[in-house]
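Q: Now for the letters of each chain:
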Amino acid sequence: MTHVAWRLLRRALINLWRAPLPSLLAVVTIALALFLGGAMAFSVLGARVLLASWGAQRTVTAYLDRALSEEQARAVAERLRADHPGVEVVLVSPAQALDRLRVQLGDLGGALDGLSRNPLPATLELTPRGGGDLRALADRVSNVGGVAEVDYGREWVDRLEALGGALRGFGTASLALLAVAALLVVANTIRLAVYARRDEIEIMKLVGATDGYVRAPFLLEGALQGLCGAALAAAGLLAVQRLVLPRAAAAFAFASGASAPHLAAQHCAVLAAAGALVGLCGSYLAVGRSLRT
Amino acid sequence: MIQLFHVTKRWSDDPPVLDDVTLQVEKGEFVWLTGPSGAGKTTLLRLLFCADEPTSGQIVIGGRNVNRLSAGGVPFLRRNIGVVFQDFKLLPNRTALENVGFALEVLGASDAQIRERAHKRLAQVGLAAKAGSLPLRMSGGEQQRVAIARALVNEPPILLADEPTGNLDASLTDSILQLLFDANARGATVVVATHDRGLLNRYQRRTIQLHHGKVTADA
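Top line first, the protein sequences correspond to chains H and B.
Straight run, no breaks: the first sequence in this note's numbering ends on number 293.
Straight run, no breaks: the second sequence in this note's numbering ends on number 1219.
Among these hints, one or two may not hold up.
[Unchecked claim] Interface residues of chain B toward chain H, partial, derived using beta-carbon atoms under 10 angstroms:
#	residue
1	1049
2	1076
3	1082
4	1202
Treat the hints as calculated values from the structure; they're not laboratory data.
From the three backbone atoms N, C-alpha and C, an ideal C-beta is built for every residue, glycine too.
Could you build the full structure based on these sequences and the hints that come with them?
A: This is the structure we're talking about:
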C-alpha cells in the first residue's frame, strides 16, 4: 500500500507542478483567508484577555471627597466596615494611589514628578469576601457621606463586552465568507485540473480504477494547496508578530497586565489543519461533481 | 461468459439503440459484432463494460449480473475486461511503456512489477523498442498495438474491441487482428465490433449482425 500512497502523492505533486498558476491562485487565496482568519482570531483572543483582566476586578472603588482629611477618610472607612461586615474595606491614601500609578506607568512614571500637587483623591476599595452584587454595594456606598463618586468597573466592561461580542460575530461571519471563497477557488482550480485530465480519468476508470483511486490525487492536491496556504499564512502572522506586535505589546501589557497572545506551535497546527480541510473539501466538491458527470 | 437477455437501450423518447437483444458468448469464443453505422455495436460494447446501463433486460458477465452491481463493484468487473478503441485512447504525455503500465498502476502493482509486465506485453505486440516513445511519435498501427498491450497487460478473460482497425490501412489491419486472435488463442473471450465486411470474409468466425438495434443474424 505504501507504494500506492507514494504513487498518488507523486502524481499530485506532478499535477501541481504542471499547472502552477491555478495552484498558486488557490494557495494565495487560502493563505489570505487563513491569514485574515488568524489575525482576527488573535485580535479576539487579545481582546478577551484584556476584557477578562478588566472584568476580573471584583472591587467597588469609592472616591472620597477631596476636602476630607486623612482622619475623616479613616472614619468613613470604619463606618463602611461596620455597616458591611462581609466586605473588605481598604483605604488608599492619595500618596499610595500616586505610588501605584507610578508603578503602572513604568518608564513613563517619571512624568508624575513634574506635578505640583497630587491630583488623586483618597479612595476606598471594597471587596465582598464571598462575592456578591457589586452594583447594589456601589449604590449603597454612593449614599454614604464623604463619598464623592463610586466606580465598580462593570458598566463599561459590559459595554466593551457587548462591543466585543458584536465584533466576534462580525469576525465569525467574515471568516465563514473567506473560508467559502477559498473553498470555491480551490474547487474551481481542481475542477479545471479535472477537466484538463478528463481523458486520463476516463482511461483510469476504463481499466478498473475505483472512484477513490481517481479522486485521491485531486484530494491530495487540494490538501497540499491548503497546507502551502497555511504555511504562507503562518509566515505572514509570524512576520506581523515580529514587526508589529513588539510596538503594541507594551501598550497591551500596560492595559491588561498580561502579555499579548503569540503564535505558538499549536496555532500553526490549527492553521495547517484548517488549510488542509479547506483544500480537501474544495477538491472533494469538484471531483465529486466531475466523477458524477 | 457473456449473456444478454432481452436487453434494450433507449435514449429518452428516441427509437431504441438496442432492441430486445438476447445473445450468449461462450468462454474462449471469438465473435465478430457487425452491422452498419448506428446499428448499436458500440452501444452494446459500452453496456458490456458498464459505461452505460441497459434500459431494460439483464446482462450477465462471468456469472455476475451487471444490473445488480453496485457503483463500487463496476471497477472490479472492468478489471476482467480489456477494451480497445478505434481512437486508441492513449495518454499523449506518457510513453508507450507508461500507457501500458497505467492499467497496472490502478490495480496497485509495484513499480517493478509494472515495468516488467508492461515490457513483456509491449514485446508481445512487437514494440519493445518503442517503450520510451510518446504516442504522437508513433504510427496509428503502433498506437493501436500499445492500446492492445494495455488492454491485455492485466490478462483479462474478456477482450472487447470497438472498430480496432477502423483508423488503420489494410496492411496494418492484419497484424492488429493477429494480436486479437493470439489473445483468443491464449483463452480470452474476444468480441470485435466492425463494419468491415472484408474482415468477416477473410477471417471467418461467429458473426452477430445488428441492424437498427436488433440481432438480425447470428452464425
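Q: None of the hints should be skipped; say for each whether it holds.
A: To see whether the hints hold, each was checked on the structure:
{"no.": "1", "hint": "1049", "in the structure": "7 angstroms, holds"}
{"no.": "2", "hint": "1076", "in the structure": "7 angstroms, holds"}
{"no.": "3", "hint": "1082", "in the structure": "8 angstroms, holds"}
{"no.": "4", "hint": "1202", "in the structure": "29 angstroms, violated"}
Of the numbered hints listed earlier, the single one contradicted by the structure is hint 4.
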